[in-house]
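Visitor: Sequence:
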Amino acid sequence: MYRYIVDFYKGKSPEGSALEDHIKHLLSSVEAGTQFVAESEDGRLAGFATLYFSFSTTRLQKIAILNDLFVDAEFRGAGLGEKLFLHVLEYTKKEGYAYMTWQTASDNTSAQALYKKMGGKNINSEWIHYEIEHN
Numbered sequence: 001m002y003r004y005i006v007d008f009y010k011g012k013s014p015e016g017s018a019l020e021d022h023i024k025h026l027l028s029s030v031e032a033g034t035q036f037v038a039e040s041e042d043g044r045l046a047g048f049a050t051l052y053f054s055f056s057t058t059r060l061q062k063i064a065i066l067n068d069l070f071v072d073a074e075f076r077g078a079g080l081g082e083k084l085f086l087h088v089l090e091y092t093k094k095e096g097y098a099y100m101t102w103q104t105a106s107d108n109t110s111a112q113a114l115y116k117k118m119g120g121k122n123i124n125s126e127w128i129h130y131e132i133e134h135n
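For the sequence shown, the UniProt record's numbering gives the first residue as 1, with consecutive numbering after it.
Simulated from the structure, these hints should not be mistaken for laboratory data.
From a predicted model like this one, the values you see are computed outputs, not experimental measurements.
There could be a bad hint or two in this list.
To be verified - The following label-pair restraints were derived from C-beta to C-beta distances: (1) Ser56 / Glu131: 32 to 42 angstroms; (2) Glu41 / Glu133: 39 to 49 angstroms; (3) Gly79 / Thr104: 31 to 41 angstroms; (4) Tyr130 / Ser40: 32 to 42 angstroms; (5) Ser110 / Val37: 35 to 45 angstroms; (6) Tyr130 / Thr58: 17 to 27 angstroms.
Unchecked claim - Taking lysine to any residue and the SDA-like style, the derived pairs with C-alpha atoms no more than 20 angstroms apart in a straight line are: (7) Lys62 / Ala105; (8) Lys116 / Thr34; (9) Lys83 / Lys62; (10) Lys62 / Gly96; (11) Lys117 / His134; (12) Lys62 / Met100; (13) Lys83 / Gln61; (14) Lys83 / Thr34; (15) Lys83 / Trp102; (16) Lys62 / Ser40; (17) Lys116 / Phe55; (18) Lys83 / Lys121; (19) Lys93 / Ala105; (20) Lys83 / Thr104; (21) Lys83 / Ser110; (22) Lys94 / Ser40; (23) Lys94 / Ile65; (24) Lys62 / Ala78; (25) Lys121 / Ala32; (26) Lys121 / Ile63; (27) Lys121 / Ala78; (28) Lys83 / Ser40.
Where is the CB? At the ideal position from N, CA and C, for every residue including glycine.
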């Protein structure tokens, strides 16, 4: 799992065991979030999805944030991303989340095509995303 996440982020991961410890926490507790894994028919790890949970103060409901959706290059094109996405979406519905939100890189056109196919809408909201790095 660690290798897939590091590959997904193109090697930009914390030093030491911090990322591995975080993954273990996600897999053992669903308070902050959860992680789903997809296996190939022969049992190899083929992809993963990571959800984090939050709360909307304007809607007074819990919400889910899809942070990662990754399928190993070897398994792409066979519908695994779609199956993994639908599994995560069904989980958020079943668990009573008001909605699931996510973002993707502007140049990731294959992900954008998948999300559009799954019914996702580019909300182009009035909200502007900011970030301050603490390193």
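Visitor: Kindly indicate which numbered hints from before are broken by the structure, ordering the numbers from low to high.
Guide: 1, 3, 5, 7, 8, 9, 11, 13, 16, 17, 19, 22, 24, 25, 27
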